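Chemist: The numbering of the sequence shown is my numbering, which starts it at 1 and goes up by one.
In short, the hints are calculated from the structure, not lab data. Being a predicted model, the structure only gives us computed values, none of them experimental. Careful, some of the hints might be misleading.
[What the hints assert, rightly or not] Simulated DEER-style distance windows between Cβ atoms:
#1 S83 / E202: 32 to 42 Å
#2 R174 / G79: 31 to 41 Å
#3 D227 / A3: 15 to 25 Å
#4 E189 / T53: 16 to 26 Å
#5 T106 / E189: 32 to 42 Å
Beta carbons: idealized from backbone N, C-alpha and C, even for Gly.
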Amino acid sequence: MRAHVRSVDAEDGTRVELFVVEPTTTRDGARGDDATDWFILLHAHPKLGGDRTMMTPLARALSARGYGAACVAARGTSGSSGSSSWRGSASEGMDACAAVDWATKTGGGDGSKVRAHVVGYSYGSTIGAWALDKREAIASYVAIGYPRGGSWWNCGVMGAAAKWLMRDHFEALRASSKPKLFVHPSRDEFTSTATMERFVREKLQSGGKTELRVLNGHGHFTVTDDDDAVATIAQWIEEFVRRVVVEGEGED
């Protein structure tokens, strides 16, 4: 498995560090065409201890299935310059776009077209939502532990805080018609399963193909480092991309 660290520049000149994991096989996993698929992985909140290393297990799992993966280091973490914000910003969305630009320019080493897929965990999923329609090359969106949050009486203090902090990013998801997959831990400490089901059913179905998969037995903080959880998530992502992006399930 070939992996390396490299830096790219965001539109505002910020240096963005990527941990790149090359595909370990030429097997065409989800692909039924001549495109090359790259996954752009965005980690949890940098001000609460999140960094790119928490996405490494998933990057390696996707690589083993024949895909490229790039773990983005948020501003102010690892080798990335600048600083992050509490609520997420357009600037941080630029970092995801910079990774997409790099993948589309260099990821198809054989000259094939590159399809990018944004995969965000927790806070990273809200940043990915901002970037979703900023690049045509982004073919799908995956959120792991999306911090939808809720009222304090339903989701507690953590859920209420998440809803307030991340509220500016909800509309970007609703506005985009690109395919979306939500992976929700059944024991998530920020968002209840019922809240997530209602969010997907009532708020997002008008914005393109949207699916929700519930990962039983896991909380918000265990889904990216548990081997079984990571393997399941990688499988679900591959199946979703194959059905919805490659084969076009749900298109009119």
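Chemist: Are the hints correct? Go through all of them and say.
Modeler: For each hint, the structure was consulted:
1. Checked against the hint of 32 to 42 Å, the pair S83 and E202 passes, with Cβ atoms roughly 36 Å apart.
2. The hinted window of 31 to 41 Å between R174 and G79 holds, with their beta carbons roughly 34 Å apart.
3. Distance hint for D227 and A3: a CB-CB separation of about 18 Å, consistent with the stated range 15 to 25 Å.
4. Checked against the hint of 16 to 26 Å, the pair E189 and T53 passes, with Cβ atoms roughly 21 Å apart.
5. Range check, T106 to E189: Cβ separation about 38 Å, and the 32 to 42 Å hint holds.
Consistency with the previously given hints is maintained throughout, with no hint failing.
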